[in-house]
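Engineer: Produce the entire structure from the sequences given, and follow the hints as far as they go.
So the chains spell out like this:
Protein chains: 2
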Amino acid sequence: MSKIEIIPLGGIGEFGMNCMGIRYGGEMIVVDAGMGFPEETPFGVDISIPNFDFLEEYRDDLTAIILTHGHEDHIGALPYILKKFNVPVYSSRFTLALCERRLEEYDMLDDVLMHRVEAGDRVSVGGFDIEFIHASHSLVECFSLAIHTPAGTLIHTGDYKIDDTPVIGKPYDLKMLQRIGDEGVLALLCDSTNATVAGRTPSEQAVIPAFEEIFEESEGRLFVSTFSSSMHRLQIVFDVAHEFGRRVCVLGRSMQRNVEIASDHGLLKIPRGCMATLGESRALDDDEICYLVTGSQGEMRAALWGLATGTYKGLEISKGDTVVLSARIIPGNEKNISRLIGHLYKRGANIIEEKRRLVHVSGHASQEDIKIMVETAQPKFVVPIHGEYRMLFRQKEFIKNHVAGYADEDIILIENGEVLELDEYGARIIEKHDLYKTFIDEESLEEIEYDIIRERKKLAYGGMISLVVTVDRKKHTLVGEPQITLNGVAGLDMTNGFAAAARSAVAEAIDEMKPAQIADRSVFKENLRIHLKRYVQKELSGKPVIVTTVVEV
Amino acid sequence: MSKIEIIPLGGIGEFGMNCMGIRYGGEMIVVDAGMGFPEETPFGVDISIPNFDFLEEYRDDLTAIILTHGHEDHIGALPYILKKFNVPVYSSRFTLALCERRLEEYDMLDDVLMHRVEAGDRVSVGGFDIEFIHASHSLVECFSLAIHTPAGTLIHTGDYKIDDTPVIGKPYDLKMLQRIGDEGVLALLCDSTNATVAGRTPSEQAVIPAFEEIFEESEGRLFVSTFSSSMHRLQIVFDVAHEFGRRVCVLGRSMQRNVEIASDHGLLKIPRGCMATLGESRALDDDEICYLVTGSQGEMRAALWGLATGTYKGLEISKGDTVVLSARIIPGNEKNISRLIGHLYKRGANIIEEKRRLVHVSGHASQEDIKIMVETAQPKFVVPIHGEYRMLFRQKEFIKNHVAGYADEDIILIENGEVLELDEYGARIIEKHDLYKTFIDEESLEEIEYDIIRERKKLAYGGMISLVVTVDRKKHTLVGEPQITLNGVAGLDMTNGFAAAARSAVAEAIDEMKPAQIADRSVFKENLRIHLKRYVQKELSGKPVIVTTVVEV
Chain A
1 MSKIEIIPLG GIGEFGMNCM GIRYGGEMIV VDAGMGFPEE TPFGVDISIP
51 NFDFLEEYRD DLTAIILTHG HEDHIGALPY ILKKFNVPVY SSRFTLALCE
101 RRLEEYDMLD DVLMHRVEAG DRVSVGGFDI EFIHASHSLV ECFSLAIHTP
151 AGTLIHTGDY KIDDTPVIGK PYDLKMLQRI GDEGVLALLC DSTNATVAGR
201 TPSEQAVIPA FEEIFEESEG RLFVSTFSSS MHRLQIVFDV AHEFGRRVCV
251 LGRSMQRNVE IASDHGLLKI PRGCMATLGE SRALDDDEIC YLVTGSQGEM
301 RAALWGLATG TYKGLEISKG DTVVLSARII PGNEKNISRL IGHLYKRGAN
351 IIEEKRRLVH VSGHASQEDI KIMVETAQPK FVVPIHGEYR MLFRQKEFIK
401 NHVAGYADED IILIENGEVL ELDEYGARII EKHDLYKTFI DEESLEEIEY
451 DIIRERKKLA YGGMISLVVT VDRKKHTLVG EPQITLNGVA GLDMTNGFAA
501 AARSAVAEAI DEMKPAQIAD RSVFKENLRI HLKRYVQKEL SGKPVIVTTV
551 VEV
Chain B
1 MSKIEIIPLG GIGEFGMNCM GIRYGGEMIV VDAGMGFPEE TPFGVDISIP
51 NFDFLEEYRD DLTAIILTHG HEDHIGALPY ILKKFNVPVY SSRFTLALCE
101 RRLEEYDMLD DVLMHRVEAG DRVSVGGFDI EFIHASHSLV ECFSLAIHTP
151 AGTLIHTGDY KIDDTPVIGK PYDLKMLQRI GDEGVLALLC DSTNATVAGR
201 TPSEQAVIPA FEEIFEESEG RLFVSTFSSS MHRLQIVFDV AHEFGRRVCV
251 LGRSMQRNVE IASDHGLLKI PRGCMATLGE SRALDDDEIC YLVTGSQGEM
301 RAALWGLATG TYKGLEISKG DTVVLSARII PGNEKNISRL IGHLYKRGAN
351 IIEEKRRLVH VSGHASQEDI KIMVETAQPK FVVPIHGEYR MLFRQKEFIK
401 NHVAGYADED IILIENGEVL ELDEYGARII EKHDLYKTFI DEESLEEIEY
451 DIIRERKKLA YGGMISLVVT VDRKKHTLVG EPQITLNGVA GLDMTNGFAA
501 AARSAVAEAI DEMKPAQIAD RSVFKENLRI HLKRYVQKEL SGKPVIVTTV
551 VEV
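Residue numbers (the working numbering), protein chains in the order written: chain A, 1 to 553; chain B, 1 to 553.
Each hint can be trusted.
Reference listing, derived: stretches of chain B covered by chain A, where coverage requires no fewer than 3 residues with Cβ under 8 Å from a Cβ of chain A:
hint: 1; region: 387-396
hint: 2; region: 459-472
hint: 3; region: 544-550
Because the hints were derived from the structure by calculation, they are not lab data.
As the structure is a prediction and not an experimental result, all values here were calculated from the model.
Yeah, the Cβ is synthetic: ideal placement off N, Cα and C, and Gly gets one too.
Structural biologist: Okay, here's the thing in structure tokens:
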């Protein structure tokens, strides 16, 4: 009997970029195709995606992409994987609607086959038999997956929390999970995002009292910023605004798009007459309007940043306004958020943060939710996914110490690029591939090779020296003086004689070369580079990139 | 009667780089000269300092530098300010000892005049009459300053907490502060670092129980990482280690240096026979040794990173070891710390973080400490200092709402580069200078101009195209083909014809120029750059830096 292979392409040991290959008997599906948010933003990239070239090896096996839900870190890389592997996509109506918008932007919509599935469905997908379990999360129409194979059943939780009272839709379908668990589960691939947090994650409804208080107290305008995908939160804002006689004006492209899609699908229920355009909002009194805006992470391109810095067209935040930051801080965004808050305070706004009042709850399972998940699914093995290594580790530690029947060897820590082989007899890592992430050019949205980023990093670190040398085509001797141009080079300036001295040093080096050494232009160029590099190392502390050009006359 | 001017050069609206000019009647002192930790590390700089060139305007007035305490963000820029303004330095014995080490590294020690002062002293310093108030903080021998002028008294808190039971030394000298407050204080310049935190900051002693538990429980080796300047914490580790029969081995340059200085001065009391060298430590059983190490912020050059990644010479962390992270996370370091923790978990270490057990307390005043400070000093005005804008604002908000007698106009928010004029009649901002920070080259430790960093940022963002064109010196016509070299340019490679097409485009542009346009080389060069830029903008999405060189033959 065959074995199952689990091959994470992203999302293990990092936040975001969730993507996992699952392979059995010559067929392979990919669960999620998410984007990440790399630290390399100074280098002209703000998005990373998994290295899909790695899947080339499995091209013949790859039969489908399954999306658990519509967050960017699960669907954001979909256009890029589909460009390389145009296989059918399976997901919920709402997730597919979000994907359609994205594929439209890439002008790819007509080429992609999308299959809509519903919670409770059992579908034969690319050689696998998959059940779609309704999962509660901060978004709607999310799935956990039960992937059945002759070698056993895998459960992939997707992102989830065990929410007994979500604002939109039903609680997590523990009954279905229990039934599948009772039938036997080989492995549970389980979200670790909140595995360091004790207790249960509060229900999405838990923020309602704080919002009611804030709407009750506030006399000025209200600005609520949250993730544009946090559907339960958006519903609460619409409901509470309506209750307190405020209309809602939605600002920011992704927020407007998501509100439109969700209300088109009847997921978001917007009270009649509650929506206001920006124009209408300006005619309202301060206590009659609530703005729902993007930018809770301090993103400089989002609405809230513009409103805070006076660069949003037609509206700005001013004294007496209240700004509610109804989101958690995604690691890495601390400084930008702090800067945003500084700007808001300077404008005289009142700011309500998560830390001070319960205006945000997580969408991810805390430790006690994880316990419920494991006890219900009853897997033989647990494989922590989605999170930095410390979170994966802490999930392991928690299950080992707090869920009966799980020992060290039952909880398996893997990394991106590893191939985990599973069958009823055990689990073992059989291969390890080095997977570099792929970056996306900020402007063209095209893939950009890692080598390019590496070159940019070198330029950034030490600047650049351009050396141009002219040689006689036949005599192989130096003509005129070498020319040197500096860019971003520290410790000198063009007036302090460095360039003149470096020119002489290069000229001397050439004088000492034999014509044969100059005749081979590529050897000559490299020799020049090495000579100048040695000279520079003596004179400067930095390590500028040296670019040499040889002109023949 | 003259007015007092307060001119912050750093530390307002940012974390670190604390520095403030105080001026009265043609005399000026500078309080603290701290370094900062900029985000520009990809550009070859890891330290920033205030722009001291700004003080040039006050050269004749500047008479002394007063250092409140020995943290890097208060003394780290001392060599740079002294290079430009060699005035006497006043501080405590221990702070001066730390400065001496630093000045030695810069080979400046012999040129600097240092005056040792003690808590309780009243000294005439450069035209000002200054009292040094003993302040409790995470470090030892710290001061708050009472700066007396005929126009009134300023109190500069330095960094402080109201610690009634410090581990080393005495509690904050509230009695002296009270006496000065009773005599009348015009303005209190008050640390805001923890102004968002409710309640009192726990005493330095508060971590002792957790440390005792950890030493009690642990059977393997112990690694404690903390700031090398946290003297109370170091004392606790030595004491508890001794109590539980472990010897202490100190790893990391700054930790070794600080332990040496502090024990030389009798501030740190190391139990006899407690210290162990690295060599000795290896001969001890696992439960007989505790390593005290640098690197709690995930710094890649520090000891803990090396121990976690197997790159520290002669020692590595392994299964069964316990690592105590006895420090807070400085904003901006989250990702590095998370990476460090991942490495430690992978090695099988047990990790104890601040979040899970009380192994760290802050050295800064929380809201109730601030209340004690304000009520004791009884200033007419409060000026929040040390912190990002949100912290300054939150201090203002707290005092306004929770300390009797302070209204909005009594608490004055200022920014770096502003000149705040103060007298008994009021406080007003009379000037605002744009202060760019100065960066320090990572290797040479020399100042690096902001323009260089700006050039590097451009290179980083879009890469670089080098264009070399050869022209006939007399005929002003193109000779041969233009040459193009790319570095870090995205969206193309040298094989896809871009370079060839760009060469043709440049050649065509030159063909269309008149000889006179080519004859003026600088005009010609700039024209070439613009032509190539236009061509590149059509073909590529990025914005590479274009460097042109013209060769004459």
